[in-house]
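Colleague: In the order they appear, the protein sequences are chains Z and W. Under the numbering used here, the first residue of the first sequence carries the number 1, and numbering increases by one thereafter. Under the numbering used here, the first residue of the second sequence carries the number 1, and numbering increases by one thereafter.
Some clues are possibly wrong.
What the hints assert, rightly or not - With a Cα cut of at most 27 Å, we get these calculated DSS-like pairs of lysine-lysine: (1) Z:K53 <-> Z:K43; (2) W:K43 <-> W:K53; (3) W:K141 <-> W:K190; (4) Z:K141 <-> Z:K190; (5) W:K190 <-> Z:K141; (6) Z:K53 <-> W:K53; (7) Z:K53 <-> Z:K38; (8) Z:K190 <-> W:K190; (9) W:K141 <-> Z:K190; (10) W:K53 <-> W:K38.
FYI, nobody ran anything at the bench for these hints, they're computed from the structure.
There are 2 protein chains.
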Amino acid sequence: MPEPQPRSNTAEEILDIAEMLIQTRGYSAFSYQDIATKLGIRKASIHYHFPTKLSLGVAVVERYMARIESILASLIADQTNTAMYLFDCYTVPYLEFADTTDRICLCGALAGEFHALPSEMQERIGRFFQGQQNWLARMSKRGRNSGEFDFAGPATRMAATIFSALQGALIIKRATGNATELRDVIAVLKSQLRASR
Amino acid sequence: MPEPQPRSNTAEEILDIAEMLIQTRGYSAFSYQDIATKLGIRKASIHYHFPTKLSLGVAVVERYMARIESILASLIADQTNTAMYLFDCYTVPYLEFADTTDRICLCGALAGEFHALPSEMQERIGRFFQGQQNWLARMSKRGRNSGEFDFAGPATRMAATIFSALQGALIIKRATGNATELRDVIAVLKSQLRASR
DNA sequence: GTCTATACAAAGATAGAC
DNA sequence: GTCTATCTTTGTATAGAC
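Whole structure, please, built from the sequences with the hints as guidance.
Modeller: If you want it as structure tokens, here you go:
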């Protein structure tokens, strides 16, 4: 049962545009005017939906987190999903960002300007990153238990490496324009997961 | 022979502060006022040294690139340096950032807000990233030739993974406050370099 | 080289009409 | 819910005295 929509259409559109702007330009560099122009309304109207830029920033992050964490929770709860299938599912949004939109992970973009952000946003980004790595550690453990994976060292280390490499690859791909960056990284990570000691 | 200093002390101090501010807050979120306050002068005086914010941004990136590329060029030119020694040297600045200053790579910070930057800066960041990965590919090849390394696949893939993972780890470490993030990633990368197929 | 003073634009935000 | 109008602050940048 999908939740009933708690926000107006306009509020959702504002969130969509703000999310895209943060992913491409960052939080400090986007303005209410940017959103107003894209949406075809006046910037004062945006304050009706989100009184302050902080409230908008927090809403964007929370919606983004909830969307991703909901999908990942379902995936890992299903014990019939193999670890490698989980890994492949995990990389899908990264590949979409890299191949189609030139966006990066929302929280990755925000982390680059971390100390310019309000603490309410900093805390959420930190929790999101931690949650992502916890999920990847569970995935890695499942793979080792099932015999799919055979990497050395603790699963948390492997999780940290996967997450770091994927986040970094998106950022680097955008700056160099090298479309193979992310696929190269994924190939090496898979090889590392399966490697015998 | 060290080059004679081409800039005044004040100009160098401005560059130092601007570099630190970009690494912590990003380019869009720092201002001439921030620098003026830290330096104890008026913000108008900064325009004498760097007429526009763009000129300052470009100067910061170029100095940063030149400093790092000069060190790396010397290291790899010495054929007596082993590949693993090169790798260890390469990670030193990352560990310093993570352990002592809470900074991230200058160009990594800038890449997060890529599309908000002037094209003159975008181009230089792209070239820096490409150069870093070229250096890491040469290092990886040296290791395979010498028998130190035994990883699968092309050296460029390995280089992309190392660079992505290190850049990502710095960003994530700052957001989560997890000091072991970077060391975990480095441990996995070393294991991957040495892994037999 | 640094200062004061100032210009100009853009930012986030609020009040009140419709 | 959206508008116009306005406020206040901050940003980059310039002119000219010292």
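Colleague: The structure should be examined with respect to each hint, and the outcome stated for every one.
Modeller: Results for each hint:
1. Z:K53 <-> Z:K43: holds (12 Å)
2. W:K43 <-> W:K53: holds (12 Å)
3. W:K141 <-> W:K190: Holds - the C-alpha atoms of K190 of chain W and K141 of chain W are around 14 Å apart, at most 27 Å.
4. Z:K141 <-> Z:K190: holds (14 Å)
5. W:K190 <-> Z:K141: Between K190 of chain W and K141 of chain Z the Cα gap is close to 21 Å, so the pair holds against 27 Å.
6. Z:K53 <-> W:K53: Holds: K53 of chain Z and K53 of chain W sit about 25 Å apart, inside 27 Å.
7. Z:K53 <-> Z:K38: With a Cα-Cα distance of about 17 Å, the restraint between K53 of chain Z and K38 of chain Z holds, given a limit of 27 Å.
8. Z:K190 <-> W:K190: Cα-Cα ~16 Å, so holds.
9. W:K141 <-> Z:K190: holds (21 Å)
10. W:K53 <-> W:K38: Status holds; Cα separation ~17 Å.
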